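**Student:** Listed below, chain by chain, are the residues.
2 protein chains.
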Amino acid sequence: MKSSDIKNKFRDAQLYITAELESWDGIAFFNEDQWNRDEGGGGFTRTIANGRIIEKGGVAFSAVEGEVTALMKEQLKLNGDYFFATGVSIVLHPKHPRHPIMHMNIRYFEIDQEQYWFGGGIDLTPHYINDELATSFHQSLKSICDRYNSEYYSTFKAWADDYFYLPHRDETRGVGGIFFDHLSAGKSISKEQILSLCLDLAKAFPSLYKNQVDRFLFPDFTPKEKEWQNVRRSRYVEFNLLHDRGTKFGIYSNGRTESILLSMPPSAEWFYDYSTLPNSEEEQTILKLKKGLSYL
Amino acid sequence: MKSSDIKNKFRDAQLYITAELESWDGIAFFNEDQWNRDEGGGGFTRTIANGRIIEKGGVAFSAVEGEVTALMKEQLKLNGDYFFATGVSIVLHPKHPRHPIMHMNIRYFEIDQEQYWFGGGIDLTPHYINDELATSFHQSLKSICDRYNSEYYSTFKAWADDYFYLPHRDETRGVGGIFFDHLSAGKSISKEQILSLCLDLAKAFPSLYKNQVDRFLFPDFTPKEKEWQNVRRSRYVEFNLLHDRGTKFGIYSNGRTESILLSMPPSAEWFYDYSTLPNSEEEQTILKLKKGLSYL
Chain B
1 MKSSDIKNKF RDAQLYITAE LESWDGIAFF NEDQWNRDEG GGGFTRTIAN GRIIEKGGVA
61 FSAVEGEVTA LMKEQLKLNG DYFFATGVSI VLHPKHPRHP IMHMNIRYFE IDQEQYWFGG
121 GIDLTPHYIN DELATSFHQS LKSICDRYNS EYYSTFKAWA DDYFYLPHRD ETRGVGGIFF
181 DHLSAGKSIS KEQILSLCLD LAKAFPSLYK NQVDRFLFPD FTPKEKEWQN VRRSRYVEFN
241 LLHDRGTKFG IYSNGRTESI LLSMPPSAEW FYDYSTLPNS EEEQTILKLK KGLSYL
Chain P
1 MKSSDIKNKF RDAQLYITAE LESWDGIAFF NEDQWNRDEG GGGFTRTIAN GRIIEKGGVA
61 FSAVEGEVTA LMKEQLKLNG DYFFATGVSI VLHPKHPRHP IMHMNIRYFE IDQEQYWFGG
121 GIDLTPHYIN DELATSFHQS LKSICDRYNS EYYSTFKAWA DDYFYLPHRD ETRGVGGIFF
181 DHLSAGKSIS KEQILSLCLD LAKAFPSLYK NQVDRFLFPD FTPKEKEWQN VRRSRYVEFN
241 LLHDRGTKFG IYSNGRTESI LLSMPPSAEW FYDYSTLPNS EEEQTILKLK KGLSYL
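Chains B and P, in that order, give the protein sequences. Going by the working numbering, 127 is the number at position 127 of the first sequence; the sequence numbering is gapless. Going by the working numbering, 278 is the number at position 278 of the second sequence; the sequence numbering is gapless.
Careful, some of the hints might be misleading.
If chains are identical, the list can't say which one is meant, so a pair holds when it fits in one copy or spans any two.
Said to hold, decoys possible - Here are the computed lysine-lysine pairs in the BS3-like style, where the Cα-Cα straight-line distance is at most 30 Å:
#: 1; residue 1: K248; residue 2: K288
#: 2; residue 1: K224; residue 2: K203
#: 3; residue 1: K248; residue 2: K142
#: 4; residue 1: K248; residue 2: K73
#: 5; residue 1: K73; residue 2: K290
The set of hints was computed from the structure by calculation and includes no laboratory data. Everything numeric in this text was worked out from a predicted model, so none of it was measured.
Hey, can you work out the whole structure from these sequences and the hints?
**Tutor:** Here's what the structure looks like:
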């Protein structure tokens, strides 16, 4: 399998996802920007704003290559001289505080045309956690993982708990999902199967998101709910700028800033020492932002 | 000079600054939180919100000590076993988009009671750059630096240009100021003089800020100006979470999160690929966010 085949399938996945989300949102469309990276490669960044459901969202495809610079070696712990990387990344920020943020990423990395690996992840960040919807999300992820290896879901779920975590807040980003990295062919899986797993995740994204929203449509929100959404969005900003590997990779490999920071919410608020009211729904959400919770 | 003397003088500087800012703002007061760090030391965090001028601000004092952990060695490049660090940090976010954000930090660091150094910095981030006010700010800093060494201003000004810089935006954070680090006694300056320089900077802060505001009082702002303020605030967030050393030190030394993230603005907005109108005041500001501009 050539890296150009993977790149083409990733680009197809991006087009599929945006077409599905457009027809569902119904009022907003994705704009596409093509960009080139001076050192090699480029991408297509698709963005949407002010839709029926989505306030700000992006589905980015990129395929970049070039020299592994000293900065990349130091900051990204890469060994080798030449890299190729392709991936699809999505973050959707809904208008309504009762609808969740959802993120998905699949990526393929090659060094010196010898080593390669895949990575991927999908996670759900409700502003208000709904147990039923969190369970539905995890069940769907398990059924996708189970097509490939019966241990993947539990391994990748635990990995997501560790990865989508803000140590300085002692909070998970949301109700988790799955995360994996450095996955290459071995006894139990071929390169084609790993690619297929990545594509299954990508193609499941639109229906996973619709399922979170369509089953629970809400009336207008209160200013208090909007404030809480902005507080949760500020934590999303903190995670992405302090910890997210894709953001770091983009910044340190001299990627396109607007495509890297596509994940930023439309707005965020910081209050000093914000506290939730006892027994409020906001407090109930905070109490569930913990590692190791089972949703099955 | 004992480290406890430095700590006491830093705490006094915090109290002086907050008293001055309170009497000037006139309607809001600082709240004080005392906190302790499990591994040693603690601090007093003073915060203000919804004042006449200041929407959200903080003046933090801390004095922490303890083991230099493996994480601190790796992430902060510290050599040694035991550290002591004390400092005062300020960030003020004004309500009005025509008033600037201002930041100041002074710090003293000791390793194994042998090595020590001081650091400091002050920088001005107008949402709309006003040349006259930027010049006034730099002139005041130069006059403080000149009391100690005629080369400090130009050296520390260039250091600030390099430090308060967002590579992924190719923008400086604002109109700069001064920055220095790892300053210890030598032929041309004693330890007492460096401390005195730090304290001069801290004590100048209230009048420097008042000067930015009182000379230019504005009527109500437009929604467009507020939006632009929120865009500039998003860049402030990016700088602090991606680059700021104080934030990194706080996070990696297991400091108190709410005190570390005191610098966050009350709100921020991200638009995909935001662009300014040709010849607008917003564009004029962007064009001046460059290193190496002289304000004298």
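**Student:** I'd like to know which numbered hints this structure contradicts. Please list them from smallest to largest.
**Tutor:** Hint 2 alone not satisfied by this model.
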